[in-house]
Each structure stands twice: as structure tokens, then as C-alpha cells.
Amino acid sequence: MMPTPTISLAATTHSVSNNNNTATTNANNKNNNNEKINQVITPNNHLDSIIISTSNDNTNGFCYPKSVMAKSSIVSNIDPTNSDQISNNDHQSRLRRHMTEEMNEDSIYNVYLKKITYTCNNILNKQQKLQSDNFITRCDQVDYSSSKNLKKNGNNKMNHNQQQDDQQSLQWETRQLRQIKAATMEHLVQFILLQTEYQQQQHNNYNESKSSQQHHNDHSDSDEESQLESSDLMEERNNVAHVMHVLFATYRQFYYPWQLFTEIIRQKPFVSTKQFNFILFYWLNNYPEDFWTPCQPSMANSNTNYIDDQASSHNNNGSPENGNQLLDDQSSLCSEYASSSSLSSNHASYTTPSLSLSSTSNNVSNNSSLSSTSISSSRFSPLTLADQLISLRHIDEEVKKHCLHLLDMKKENTTNSSTLNSHSSIHKSVNKSSSIIELDPKFVAQQLTAIDLENFLALKPYTLLSNVRSKTRIETMIRNFNLLSRHVIITILQHSTPHQVTIHWIEIAHHLRKMRNFNSLKAIIAGLTNESIYRLKTTVWNKLPRNSITTFQNMSSIVDDVNNQTMLRHTQLFIEGTSKVSLEDSFGTVPYLGTFLTDITMINTRYENYIKTEKGKKLINFEKCAKQYEILMQMQLLQKNAIAGLQQQQQQNYQHQIYSLNHYLSLRSQSVPSIPRVARIFRNWFQLNESDLPSDREW
Amino acid sequence: MSYAYLFKYIIIGDTGVGKSCLLLQFTDKRFQPVHDLTIGVEFGARMITIQNKQIKLQIWDTAGQEAFRSITRSYYRGAAGALLVYDITRRETFNHLTTWLEDARQHSNSSMVIMLIGNKCDLESRREVRREEGEAFAREHGLIFMETSAKTAANVEEAFINTAQEIFDKIQEGVFDINNEANGIKIGPQLSPSNQKSSSGNQALGTGGGCC
Numbered sequence: 001m002m003p004t005p006t007i008s009l010a011a012t013t014h015s016v017s018n019n020n021n022t023a024t025t026n027a028n029n030k031n032n033n034n035e036k037i038n039q040v041i042t043p044n045n046h047l048d049s050i051i052i053s054t055s056n057d058n059t060n061g062f063c064y065p066k067s068v069m070a071k072s073s074i075v076s077n078i079d080p081t082n083s084d085q086i087s088n089n090d091h092q093s094r095l096r097r098h099m100t101e102e103m104n105e106d107s108i109y110n111v112y113l114k115k116i117t118y119t120c121n122n123i124l125n126k127q128q129k130l131q132s133d134n135f136i137t138r139c140d141q142v143d144y145s146s147s148k149n150l151k152k153n154g155n156n157k158m159n160h161n162q163q164q165d166d167q168q169s170l171q172w173e174t175r176q177l178r179q180i181k182a183a184t185m186e187h188l189v190q191f192i193l194l195q196t197e198y199q200q201q202q203h204n205n206y207n208e209s210k211s212s213q214q215h216h217n218d219h220s221d222s223d224e225e226s227q228l229e230s231s232d233l234m235e236e237r238n239n240v241a242h243v244m245h246v247l248f249a250t251y252r253q254f255y256y257p258w259q260l261f262t263e264i265i266r267q268k269p270f271v272s273t274k275q276f277n278f279i280l281f282y283w284l285n286n287y288p289e290d291f292w293t294p295c296q297p298s299m300a301n302s303n304t305n306y307i308d309d310q311a312s313s314h315n316n317n318g319s320p321e322n323g324n325q326l327l328d329d330q331s332s333l334c335s336e337y338a339s340s341s342s343l344s345s346n347h348a349s350y351t352t353p354s355l356s357l358s359s360t361s362n363n364v365s366n367n368s369s370l371s372s373t374s375i376s377s378s379r380f381s382p383l384t385l386a387d388q389l390i391s392l393r394h395i396d397e398e399v400k401k402h403c404l405h406l407l408d409m410k411k412e413n414t415t416n417s418s419t420l421n422s423h424s425s426i427h428k429s430v431n432k433s434s435s436i437i438e439l440d441p442k443f444v445a446q447q448l449t450a451i452d453l454e455n456f457l458a459l460k461p462y463t464l465l466s467n468v469r470s471k472t473r474i475e476t477m478i479r480n481f482n483l484l485s486r487h488v489i490i491t492i493l494q495h496s497t498p499h500q501v502t503i504h505w506i507e508i509a510h511h512l513r514k515m516r517n518f519n520s521l522k523a524i525i526a527g528l529t530n531e532s533i534y535r536l537k538t539t540v541w542n543k544l545p546r547n548s549i550t551t552f553q554n555m556s557s558i559v560d561d562v563n564n565q566t567m568l569r570h571t572q573l574f575i576e577g578t579s580k581v582s583l584e585d586s587f588g589t590v591p592y593l594g595t596f597l598t599d600i601t602m603i604n605t606r607y608e609n610y611i612k613t614e615k616g617k618k619l620i621n622f623e624k625c626a627k628q629y630e631i632l633m634q635m636q637l638l639q640k641n642a643i644a645g646l647q648q649q650q651q652q653n654y655q656h657q658i659y660s661l662n663h664y665l666s667l668r669s670q671s672v673p674s675i676p677r678v679a680r681i682f683r684n685w686f687q688l689n690e691s692d693l694p695s696d697r698e699w
Numbered sequence: 700m701s702y703a704y705l706f707k708y709i710i711i712g713d714t715g716v717g718k719s720c721l722l723l724q725f726t727d728k729r730f731q732p733v734h735d736l737t738i739g740v741e742f743g744a745r746m747i748t749i750q751n752k753q754i755k756l757q758i759w760d761t762a763g764q765e766a767f768r769s770i771t772r773s774y775y776r777g778a779a780g781a782l783l784v785y786d787i788t789r790r791e792t793f794n795h796l797t798t799w800l801e802d803a804r805q806h807s808n809s810s811m812v813i814m815l816i817g818n819k820c821d822l823e824s825r826r827e828v829r830r831e832e833g834e835a836f837a838r839e840h841g842l843i844f845m846e847t848s849a850k851t852a853a854n855v856e857e858a859f860i861n862t863a864q865e866i867f868d869k870i871q872e873g874v875f876d877i878n879n880e881a882n883g884i885k886i887g888p889q890l891s892p893s894n895q896k897s898s899s900g901n902q903a904l905g906t907g908g909g910c911c
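These protein sequence lines are chains A and B, in that order. Note that the first sequence covers residues 1 to 699 in my numbering. Note that the second sequence covers residues 700 to 911 in my numbering.
Simulated from the structure, these hints should not be mistaken for laboratory data. All residues carry an ideal CB built from backbone N, CA and C; glycine is no exception. Among these hints, one or two may not hold up.
Just the calculated beta-carbon pair ranges, DEER-fashion [to be verified]: (1) B:SER824 with A:PRO297: 28 to 36 angstroms; (2) B:PRO888 with A:GLU608: 33 to 41 angstroms; (3) B:GLY873 with A:LEU493: 57 to 65 angstroms; (4) B:THR714 with A:GLU608: 18 to 26 angstroms; (5) A:GLY616 with B:ARG825: 23 to 31 angstroms; (6) A:LYS537 with B:ARG838: 33 to 41 angstroms; (7) B:ASN878 with A:GLN648: 50 to 58 angstroms.
Turn these sequences into a full structure, and let the hints guide you.
Shown next, in the form of C-alpha cells:
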């Protein structure tokens with residue numbers, strides 16, 4: 001068995017911690033090792049069952065702690081030369097090794113040993129070296145360093161000179177990394193709330209060592225100490241943040257929102273309020289739509305004391321069954337409420353007017369009264385998670401306020417969108433009956449991009465994980481894609497001079513490439529390469545001017561399927577995905593969704609949803625979730641970049657055919673920039689009657 | 700690694716018939732590092748041996764993109780072999796075979812070898828398409844036929860290798876013009892016998908058979 005490679009996680013961890021820095025993509029993979037090492041440091045060292053006693057007789061520079069070897073259930077010890085993939089991967093496996101799996105009752109952790117090499121030309125400056133050095137010694141329960149004569153903390157404080165000497169002789173270190181491989185929902189929630197037994201122990205140990213260290217510190221060290229503490233804490237936060245990101249992005253495959261919500265609330269009495277609120281804020285900000293879904297069924301008729309009671313009884317019985325009901329039917333679950341419009345009908349049993357709180361609902365009037373009255377009307381049965389959240393007594397007012405704020409915003413947006421939709425005006429220059437050839441290619445490309453961008457930005461990345469896509473933006477985008485391809489074919493075949501229309505479409509494709517709209521670009525190329533067009537050698541292709549042919553070939557090669565669409569992936573994610581938006585040509589990258597869908601399919605095929613423990617307990621395969629999240633994050637990255645680009649444009653008052661159209665991000669909490677108004681002719685393209693849609697697998 | 704020939708395969712069929720599962724079952728045996736699961740040139744590639752010749756199979760799979768009706772020409776272009784997959788527990792996936800086949804025939808060269816695969820034959824109790832129906836369809840359209848289970852790996856090796864064998868035979872017969880890369884066959888960098896590994900060709904099985 002090969003070890004899981006370092007790279008991916010390195011990139012993830014890092015970019016998670018730099019959410020604002022859009023440039024940190026998986027491109028980090030290409031960073032040099034030194035940098036990577038500094039990025040991937042998980043704070044935790046496992047103490048209760050594993051004690052590292054270093055051995056000097058290692059061959060590859062790795063310390064294999066003997067006590068661990070004896071204890072571990074799986075020890076993978078691969079000879080790197082064995083692998084026929086002698087490449088980066090091999091190099092990575094030298095840096096990090098899967099050492100063991102730590103099996104617990106409700107969780108499985110992967111434990112890695114990571115080699116951290118200090119080279120002479122290390123980029124790290126002395127100060128940083130000092131920090132990392134200190135960090136290791138300070139975790140005094142794990143003696144990494146017997147070979148290097150670093151003393152345990154508190155025993156013998158070394159003076160400054162001694163420390164420096166040690167650094168110079170310090171060639172490498174090993175550090176233990178611990179990552180969740182699988183766990184119950186309860187454990188995951190405890191983890192993000194810093195509430196697992198291990199974390200608690202760490203916390204206590206840390207406090208102890210801190211106090212003992214402070215005792216021995218002289219004044220000159222105290223500055224370092226404070227810096228040290230912050231970097232240490234940051235690392236810990238990164239690890240927790242990663243689990244948090246992954247959990248909230250992927251949990252819908254296993255649980256309804258109310259189940260996760262109940263689990264979090266249940267932990268409330270045991271956790272720090274700060275972390276608890278942080279988690280709730282994160283959830284509200286990033287997935288507000290979860291809170292418009294129905295709350296726990298049994299809650300609908302009981303008062304709010306129920307949850308308090310449940311929480312207080314938590315200590316006695318480990319896991320409540322109501323929150324742990326495992327759901328195998330992931331597809332229906334996921335999509336069901338992603339398309340929130342279906343909620344009211346699905347949960348008709350507790351329908352009241354206020355339940356129709358859904359993003360696509362037209363019942364604006366019904367919604368309007370809800371948020372203002374919900375606090376006072378807590379005697380009514382809570383219906384959505386938002387209602388429940390607001391009605392819970394022990395939740396901070398700030399969280400509630402925020403939730404109300406989101407509700408209001410949602411209401412506003414719903415109102416806006418309905419009014420905006422009702423009188424969508426036609427662009428002056430476009431006659432409804434205009435033939436494609438009369439329209440300026442750049443204008444067409446802009447309009448197509450506006451439509452795509454609207455859909456793409458409103459798309460919730462996690463809906464990619466669902467197999468059922470009805471009523472999601474993904475479905476809309478796929479439908480539009482197919483319609484556009486069909487439109488290309490029809491316009492060419494219907495025209496008296498098909499080659500001129502072809503030239504026109506190639507020109508449009510060229511503009512789409514400049515605007516980084518890979519979705520429509522691929523749709524047009526797909527239309528042009530459809531057999532019905534492609535075979536028109538004499539009437540079309542032989543009549544094209546050379547430059548059109550060249551452009552066509554260039555455009556085709558971008559969206560080509562060759563090598564698992566490497567070219568397309570590379571272009572849309574690495575070259576264009578994160579580069580600065582040029583104001584003239586682009587609104588932001590719109591990717592072709594297909595590659596994401598394929599990647600998700602492969603991951604879903606490759607990994608099981610659950611891992612069973614020896615006792616037959618089903619644990620959520622968190623490794624799978626982390627892999628899925630990597631893909632979702634790529635999409636998120638492009639979305640963020642596009643939004644940033646649009647905001648930039650707005651700031652610069654770029655008014656060329658831009659109108660205010662704010663409804664497309666109905667639930668986003670941040671202020672939304674505008675995208676160009678879409679002329680009706682283009683809307684008409686994509687709003688054909690169902691009868692006009694191509695029959696299955698045909699044009 | 701040196702190889703005598705490189706064959707390009709494509710896998711086609713409805714959503715959920717197990718295309719990606721077939722591919723991963725065949726190529727992922729060595730437990731490639733997970734990061735390379737989907738990205739990279741070597742994705743979906745594997746070496747096999749037929750008649751003492753190393754053959755590299757490069758398998759293209761766009762599982763997950765079925766809803767995009769317009770599979771681009773480049774997907775089909777230059778494929779030497781195609782696995783046309785349906786799910787024996789879902790009749791409709793069998794009914795769609797004709798459309799897929801038309802698509803494939805339209806976009807690819809005429810000598811492409813097509814293997815019809817009835818997947819999920821481990822789920823005998825839920826079977827909706829009889830084995831004989833699959834055989835009849837294959838006979839009618841001149842395809843090779845096999846029932847597989849990507850889950851238990853039954854017949855998966857055989858499906859890929861028998862297809863390769865068929866292509867290989869066609870090359871020997873001169874049906875495939877190996878100098879024309881549009882046929883989906885590339886000659887390896889080192890075709891001279893001295894450089895080839897002399898492993899036995901026992902992987903190349905002659906006949907297709909059911910697994911259940």
C-alpha cells in the first residue's frame with residue numbers, strides 16, 4: 001500500500017488558512033519542499049497511546065518509534081525503490097510516511113511521520129528556525145530529540161548560545177501528524193469544537209508546559225515566547241479549520257442539516273462559547289440555505305427545553321441515536337434541499353405559511369412577516385433551523401442577530417429578484433428576431449458569459465456531490481450547454497451561407513476564450529465538431545479562411561479531451577483561474593463543469609462512504625470527504641475570483657453594458673457586484689419549452 | 700516504460716452503469732497515490748502483455764459528464780477500442796445502447812473494436828437484462844460481449860485484455876493501419892525485439908465468458 005501523498009493536503013491546509021489569498025491554489029504543489037514543510041504542520045501529537053522514543057538507527061532518515069511499531073495495527077513500510085512511479089510521488093513519500101492507524105471507538109486517525117529537513121540554504125531566517133525549534137522542544141511529552149541532546153523543557157533551560165549551536169547541527173526532525181481518516185458525526189463535531197479527549201489533553205498539557213516554561217524564561221525570551229504561542233495556536237486552528245471546511249461542505253451526503261445542527265447544539269454545554277459561536281457563524285455565513293431547511297421533526301411539536309435536556313444528559317450516554325441515523329441514500333438527500341423550492345411540498349406534514357421560506361419561492365408575502373416576529377413568536381413550533389436557532393435560549397444574541405440579518409437579506413433578495421424578473425428589458429440594439437450573424441461576436445460572447453456567470457456564481461459547489469441534480473444550477477448549466485451546442489448547429493444548418501455562420505461562431509468562441517468562459521467555449525466547439533457540421537467539408541470547412549481554421553484549431557485544443565482533459569484543467573484552473581481579471585475582456589473565469597463532475601465521480605467510485613470498525617460501527621469516511629472537498633474548493637476558488645473581479649469592475653465604474661442585476665446571488669451575505677444585463681434574445685435561447693428540448697441523447 | 704503499441708480506449712454508456720468503477724478496477728490496482736486519481740497524463744493507463752509484446756492501454760473515461768450530450772469529437776477520435784457498458788439491473792441502460800453505438804460509429808473510425816459489457820453481474824437477483832439478450836445484441840452489431848462485475852473484479856481484466864487482443868489481431872491482419880495515428884494505435888518508442896521484456900502472454904485470454 002502506498003502512502004497517501006502529502007501534496008494535496010499540504011495545499012489544502014495552506015489555502016484554507018488563506019481564504020482571502022486567491023493565488024494559493026493547488027499550484028502550491030509545485031512549491032519547493034522547504035515551503036511545504038512549513039505549511040503542513042499539524043499541531044497535535046498523540047499522547048495517550050503513542051509515545052515516541054526516537055531511534056538513531058534509521059536508514060532513510062526516519063525515526064520509526066519502536067513502541068509505535070509494536071502497537072500499531074497497520075505499519076506500512078515501503079521500499080521507495082519498489083514503486084514503479086519514480087517521480088514526485090516518491091519524493092513526497094520520503095517526506096511523509098504513513099506510520100499507523102489509530103483505531104478508536106468512534107474514530108480512526110491516520111498517523112504520519114513527517115520528516116522536516118533543515119538545509120544550509122534554508123529560506124527560513126534564524127528567527128523562524130528558532131521558533132520551530134522551540135515548538136518541538138516545548139511539546140515536551142514527545143521527545144523528538146534525544147539524538148540531538150535537546151533537553152526536555154523545564155528540566156534544564158538552555159542558554160541562547162547552546163540553542164544556536166544545536167540549530168546549526170540540526171539536520172532534520174520528524175514530526176507526527178494525525179489526521180482523521182474516519183469518524184462518527186459526533187466525533188467530528190467534537191473535533192471542530194475542540195472537544196475530543198485528545199484535544200482536551202493537549203490543551204491541558206500545553207497550559208502546563210506554558211506555565212513551566214514561563215517560569216524559566218528570562219526577559220529576553222519572552223518576546224519569542226509570545227510569537228511562538230501564536231504560531232502554535234495558528235497551526236492548531238488550521239487543522240481544525242480544515243476539518244470544519246470539509247465537514248460543512250460534505251456532510252449532506254450523510255445527514256440532514258437538522259441532524260448536524262442538533263449534534264452541535266448538544267455539545268454546547270461542554271465547549272467554549274467562543275468556539276461554539278465561531279462554528280455557528282461559519283455555518284450561517286457559508287451555508288445559510290441550510291438554515292431554511294426544516295428542523296428536527298420531533299422538534300416541531302415540542303418546546304425548546306428538549307434540546308437543553310438532551311444536552312445535559314449527554315455525558316451519561318455517549319451517542320444519541322436520533323442524530324446518528326445513518327443515511328445511505330445520499331443522492332436524494334443532497335439534492336432535496338439544495339433545490340429548496342421542493343421543501344414545502346416534501347415536508348407538508350408541518351406546513352404553515354412561514355415554511356415557504358425558500359430561495360426560489362415566489363411567496364414573498366408569506367415570508368415577509370417571519371423574521372420580525374420569530375423571536376416573539378417562539379411559542380409557535382419552530383419550523384426551520386433558523387427558527388429553532390433563534391428560539392433556543394442559550395444561544396448568544398449575536399448569533400441570533402446574525403441569523404435574523406441573513407433572513408432579512410434573503411427576503412430582500414427574493415423581493416428584488418421577483419421585481420427585476422418581471423420587467424427584464426431588452427437591450428436596445430437587439431431585435432428579437434436578429435439572426436446570430438447580425439450580432440457583434442463580442443457582444444454575443446459577453447451575453448453568453450453573463451448568463452453563465454449568473455448560474456455559476458449562484459451554484460453551490462456541494463451540489464456537485466449529489467447524483468440527483470434536478471432544480472440545481474448545475475442542471476441549468478448543463479441544459480444551457482446542450483442548448484447552446486444545439487443552437488450552433490441549427491444556426492449553421494439553417495443559414496443559406498453556413499460557412500459564414502461558422503466563421504461567426506468561431507469568432508464568438510475566440511472572444512469567449514479571451515473572457516475565460518470555458519463553459520460556453522466548449523459548448524460551441526462541441527457544436528462545431530458535431531458530426532452534422534463536421535462532415536460539411538465543401539460547404540463549410542473548405543470555405544473558411546486560414547485564420548478562422550487556425551483559431552478553431554486553437555480553441556479546440558483547449559477543450560480537447562486528450563489526456564483526461566489536461567489542457568482544459570490546466571488552462572482554466574492554473575493559468576486563468578486565478579490570474580488577475582483584465583477589465584477589458586473578462587468578468588471572471590467560468591469553468592466547464594464536466595471535469596469537476598468526472599473528478600467527483602472518480603472519487604465517489606474509489607472511496608467507500610463508510611468504514612466499519614471492528615465492532616461494526618459505521619464511521620463516515622472522512623478521507624473521502626477531504627478528497628471531495630479538494631474538488632469543491634477548486635470551484636469555490638474560481639467563484640471567489642470571479643466575484644472579486646466583478647467587484648473590481650464595479651469599483652472602477654466600468655459601465656460598458658453593465659446594469660444592476662443583483663438577484664443572481666440571492667443568498668450571499670457579501671455585497672454582490674453587478675454583471676451585464678442579458679438581452680431577451682439570449683434568454684430566449686435558454687428558456688425554450690420543454691417540448692423544444694432535445695430528446696434523450698439527441699439534438 | 701517501453702511498449703510496443705499504445706492503444707487508446709474509450710468507455711461509453713449511461714450514467715451509473717459503472718464505467719468509472721471498471722476503469723479504476725482495471726488501472727488502480729497498484730493503489731496509485733490518490734492525488735493522481737484524476738489528474739495527470741498517466742491517469743487511466745496500464746501496461747498489459749499480449750503475445751510477448753508490451754502494450755500500453757490508455758483508457759479515456761468521461762464518467763460524470765454524460766449529461767453533456769455533446770461529447771466532443773476528440774473523445775472518440777483515434778480510439779482503437781471502445782467499451783460500451785450497460786447495467787444488467789437496469790433495462791433502460793440496455794435500451795440506450797443503440798444511441799451510444801450510433802454515436803460511436805459516427806465519430807470513430809470503422810475498424811474500432813467495440814466490446815459490449817453487461818456490468819454488475821454480481822447482482823444476479825436484480826437482473827433485468829438476460830445474458831442472452833446481451834449476446835444477441837452483440838451478435839447483431841458485430842461486437843464482442845462479456846458480462847462483468849466491476850465490484851468483484853470478475854471478468855474486468857478479460858474485458859480489457861480481450862479487446863486488446865482483438866485489436867492486436869486486426870493489426871496482424873493488416874486491418875489497422877498502424878502508421879495512421881487516427882486509428883488510435885501508436886507504435887511504441889522501442890519496437891525492436893531486443894528491448895522487449897519477455898514476459899509471457901498468459902494474460903491474453905482468447906474467449907469471452909460470463910462471470911456468473
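Do the hints match the structure? See the list:
1. The beta-carbon spacing between SER824 of chain B and PRO297 of chain A, approximately 34 angstroms, falls within the hinted interval of 28 to 36 angstroms.
2. Checked against the given bound of 33 to 41 angstroms, the beta carbons of PRO888 of chain B and GLU608 of chain A, roughly 39 angstroms apart, stay inside it.
3. At roughly 39 angstroms, the beta-carbon separation of GLY873 of chain B and LEU493 of chain A lies outside the given 57 to 65 angstroms, and the hint is violated.
4. For the pair THR714 of chain B and GLU608 of chain A, the beta carbons lie near 20 angstroms from each other, so the given range of 18 to 26 angstroms is met.
5. Checking the proposed 23 to 31 angstroms range against GLY616 of chain A and ARG825 of chain B shows it holds: the Cβ atoms sit about 25 angstroms from each other.
6. Look at LYS537 of chain A against ARG838 of chain B: about 35 angstroms separates their beta carbons, and that is inside 33 to 41 angstroms.
7. In this structure the supplied range 50 to 58 angstroms holds for ASN878 of chain B paired with GLN648 of chain A, their Cβ-Cβ distance being about 53 angstroms.
The structure shown violates just one earlier hint, number 3.
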